[in-house]
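Enquirer: Keeping their order, the protein sequence lines are chains A and B.
Going by the numbering used here, 135 is the number at position 135 of the first sequence; the sequence numbering is gapless.
If you count the second sequence from 1, you need to add 205 to reach the numbering used here.
Worth flagging that the hints you see were computed from the coordinates, not collected in a lab.
Incorrect hints may have been included.
Just a few of them, taken from the derived set where beta-carbon distance is under 10 Å, the chain B residues facing chain A [stated by the list, open to error]: (1) LEU221; (2) LEU224; (3) ASP357; (4) ILE358; (5) ASP362; (6) ASP378; (7) HIS382; (8) GLY385; (9) ASP389; (10) ARG394.
Ideal Cβ positions, reconstructed from N, Cα and C, are used throughout, including at glycine.
2 protein chains.
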Amino acid sequence: MKVYVPYDDRNPKTRLSPLLDEDERADFVRACLDDVCDAIEATDADATPVVLSTLPIDTEYKNVVRDEPLTPAVSAVLEDTEVPVGVVVADLPLATSDALDRLFASDAGFAVVPGRGGGTNAFVTRNPNFRVNYHGTSVTDHIEIAREVGADIEVVDSFRLFVDADEPDDLVDVLLHGEGRAADFLSERFEVVENEENRVELRRR
Amino acid sequence: MKVYVPYDDRNPKTRLSPLLDEDERADFVRACLDDVCDAIEATDADATPVVLSTLPIDTEYKNVVRDEPLTPAVSAVLEDTEVPVGVVVADLPLATSDALDRLFASDAGFAVVPGRGGGTNAFVTRNPNFRVNYHGTSVTDHIEIAREVGADIEVVDSFRLFVDADEPDDLVDVLLHGEGRAADFLSERFEVVENEENRVELRRR
Chain A
1 MKVYVPYDDR NPKTRLSPLL DEDERADFVR ACLDDVCDAI EATDADATPV VLSTLPIDTE
61 YKNVVRDEPL TPAVSAVLED TEVPVGVVVA DLPLATSDAL DRLFASDAGF AVVPGRGGGT
121 NAFVTRNPNF RVNYHGTSVT DHIEIAREVG ADIEVVDSFR LFVDADEPDD LVDVLLHGEG
181 RAADFLSERF EVVENEENRV ELRRR
Chain B
206 MKVYVPYDDR NPKTRLSPLL DEDERADFVR ACLDDVCDAI EATDADATPV VLSTLPIDTE
266 YKNVVRDEPL TPAVSAVLED TEVPVGVVVA DLPLATSDAL DRLFASDAGF AVVPGRGGGT
326 NAFVTRNPNF RVNYHGTSVT DHIEIAREVG ADIEVVDSFR LFVDADEPDD LVDVLLHGEG
386 RAADFLSERF EVVENEENRV ELRRR
């Protein structure tokens, strides 16, 4: 099964700019990409990660280049690929092969893991007619699209695939629970502290 | 197995005050409590919810009253209860019996589900010597305490038990994925909208 990992490193993750400068953000998203691809490769399923990027990138994994926005790029590769086929976003720094195995093992026509705030962090479709429409609360749209093409639906319950890396608060969870390059990148630079209001945040070392 | 649900409704959830007034916050946390207790009762495990509150409350479930802060109250009931014993915080509006079944089915000495930002949202201990220390990043402490008393550890991977209801952003996920009273309470009052910056938030109906 091919599992596409969409990746765009042009000025990524601007919402993390209070914590990371532009070069750091680029290094961080690249660490996330490598973690996600490694986790896909290490699953029990016969899953092959394919990086879907807007520019060619230097990677040990397969790389398909489509200079298009996310939605047409993913829909185009879905059209070109035999089912089952998966799509896992690159910015999942807590992804593990165990978590992905639970997604890949689903026999539902459309198995999906929501992201925090309504995103679609990972899915596998066994229905060849499923297409995507990424936006803020895309997960409800994707479930509706899957229903319209006649797929039965499973929502896979994983915080490791639910936590993405959009906001500074997300990085607290990455530091606390991460095991890969992205967590190492953060732990070299930050520690988790509780502030006066008993709230948790990252502080530069 | 007894599963304690700590509950304190005195001026709860002040961080939700941008969205909910004080009466609404009280109604909302009560809806969460009822959802969590119902979900515990509906698991396949032989699990009995016990509300652990600072004042007596009107509930169909068992109620143990201890007028103490969270940490001594939970440690005291753990001391008085045969293992296995569970503790599930009341503010988990996405909790389902399926998610709790995965926690309750673990045969680890200490099985735990982290909360967003390092909290400890749910655990089951089969080791009689485990005690708690709740604070911001308590989950790492609890794992360390479990290790010290000789328990093997399993971190259960569930976004339904990871999402609590501390911040306005959490309520977006509750509205999108919730099925119980807490989600109904919110959907009567709010809808999910994408703002100009393509970010997702709740808006009063």
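Enquirer: Can ASP357(B) be said to touch chain A, with a Cβ gap under 10 Å?
Expert: Hint violated; ASP357(B) Cβ to chain A Cβ min 16 Å, cut 10 Å.
Enquirer: Hint validation: ARG394(B) versus chain A, beta carbon distance must be below 10 Å. Holds or violated?
Expert: violated, 18 Å
Enquirer: Would you check whether ASP362(B) satisfies its interface hint, that is, whether its CB is within less than 10 Å of any CB in chain A?
Expert: This hint holds: ASP362(B) lies near chain A, its Cβ roughly 5 Å from the closest one there, short of 10 Å.
Enquirer: With a cut-off of 10 Å on the beta carbons, see whether ILE358(B) makes it to chain A.
Expert: For ILE358(B), the interface hint is violated, since the closest Cβ of chain A sits about 13 Å away, which is over 10 Å.
Enquirer: Taking 10 Å as the limit, does the beta-carbon of ASP378(B) come near enough to a beta-carbon in chain A?
Expert: holds, 6 Å
Enquirer: Hint GLY385(B) vs chain A: min CB-CB distance below 10 Å?
Expert: violated, 15 Å
Enquirer: Restraint: LEU224(B) near chain A, CB-CB cut 10 Å. Satisfied or not?
Expert: It is violated, given that the least Cβ distance between LEU224(B) and chain A is near 15 Å, above 10 Å.
Enquirer: Any CB of chain A closer than 10 Å to the CB of LEU221(B)?
Expert: violated, 14 Å
Enquirer: Identify whether the interface hint at HIS382(B) stands, where standing means a beta carbon of chain A within less than 10 Å of its own.
Expert: holds, 7 Å
Enquirer: Any CB of chain A closer than 10 Å to the CB of ASP389(B)?
Expert: violated, 17 Å
Going through the hint list in order, the structure does not satisfy hints 1, 2, 3, 4, 8, 9, 10.
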